[in-house]
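Enquirer: Sequence:
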Amino acid sequence: MVTLKSVIKSVIPAWIATYKTTHKGILLTFDDGPDVNLTPQILDLLAEYDVKAVFFILGKQAQIYPNIVQRIVTDGHYLGNHSFAHKTADEIGFKAYTNDIRHCQTILKPFIAATPRLFRPPQGKLSLSAWSAIQCNHMQAILWSIESGEWGQYSHQSVDQMLARLVREIQPHDIVLMHDNSNKVLLLLERLLPILIEKEYIFVDPKQAFPDVYKH
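140 is the number that our numbering gives to position 140 of the sequence shown; each next residue is one higher, with no gaps.
FYI, nobody ran anything at the bench for these hints, they're computed from the structure. As the structure is a prediction and not an experimental result, all values here were calculated from the model. Mixed in with the good hints, there may be bad ones.
[Unchecked claim] Below, a list of computed lysine-lysine pairs in the DSSO-like style, where the Cα atoms sit at most 27 Å apart: (1) Lys125 <-> Lys87; (2) Lys52 <-> Lys199; (3) Lys60 <-> Lys87.
[Said to hold, decoys possible] Here are the in silico distance ranges between beta carbons for each label pair: (4) Asp50 <-> Arg165: 21 to 27 Å; (5) Gln157 <-> Lys95: 37 to 43 Å; (6) Asp75 <-> Gln157: 24 to 30 Å.
Yeah, the Cβ is synthetic: ideal placement off N, Cα and C, and Gly gets one too.
Can you build the whole structure from these sequences, using the hints too?
Expert: Here it is in structure tokens:
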């Protein structure tokens, strides 16, 4: 799995997004939504703790639940592009992948009156074809440095195990990957947010971390 920590910072290309923050800042990100049941509950929880996040939206979901996408924006969160159909470049090829990204852009743009510039590739897969497609769409790729665990190598873990691992391993400047279509994430966040606040972590506002990402 390609993660932000696997890329040497001194040679990160301009189209891979990084961010600057305070000493104990972390950035929350959510993939694969919006989900009709879980995303609103996650938004409620984030609002309770005044936490802002980046939501990497699937175009096919945004078409079905535009009211939830609008709420994400209204609540002050950032919209990122996670493709339309959640297919990797290796699965569908360069041309289709490029068009898939562009299709999602077309769907998201009206919500913010601008063009989202952050793109998270499905499954975090950055092949040569994916890199080229991202550049063709004038976007920046953003991956993650730690994952909550409802998907991938930690998917077998219980919420208790996920919580223990994150509390143990999370570090300042981490980009946290979560999925807002997972009930485990909702249960995890209810317990994780107050713990991290108690530990004096600061949840980075994406609008401050990426001030130039929305391009009109």
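Enquirer: Each hint should be assessed against the structure and marked as holding or not.
Expert: Here's how the hints hold up against the structure:
1. Lys125 <-> Lys87: holds (10 Å)
2. Lys52 <-> Lys199: Holds, at roughly 18 Å.
3. Lys60 <-> Lys87: holds (12 Å)
4. Asp50 <-> Arg165: 21 to 27 Å: holds (25 Å)
5. Gln157 <-> Lys95: 37 to 43 Å: The hinted range 37 to 43 Å holds for Gln157 and Lys95, with Cβ atoms some 38 Å apart.
6. Asp75 <-> Gln157: 24 to 30 Å: holds (29 Å)
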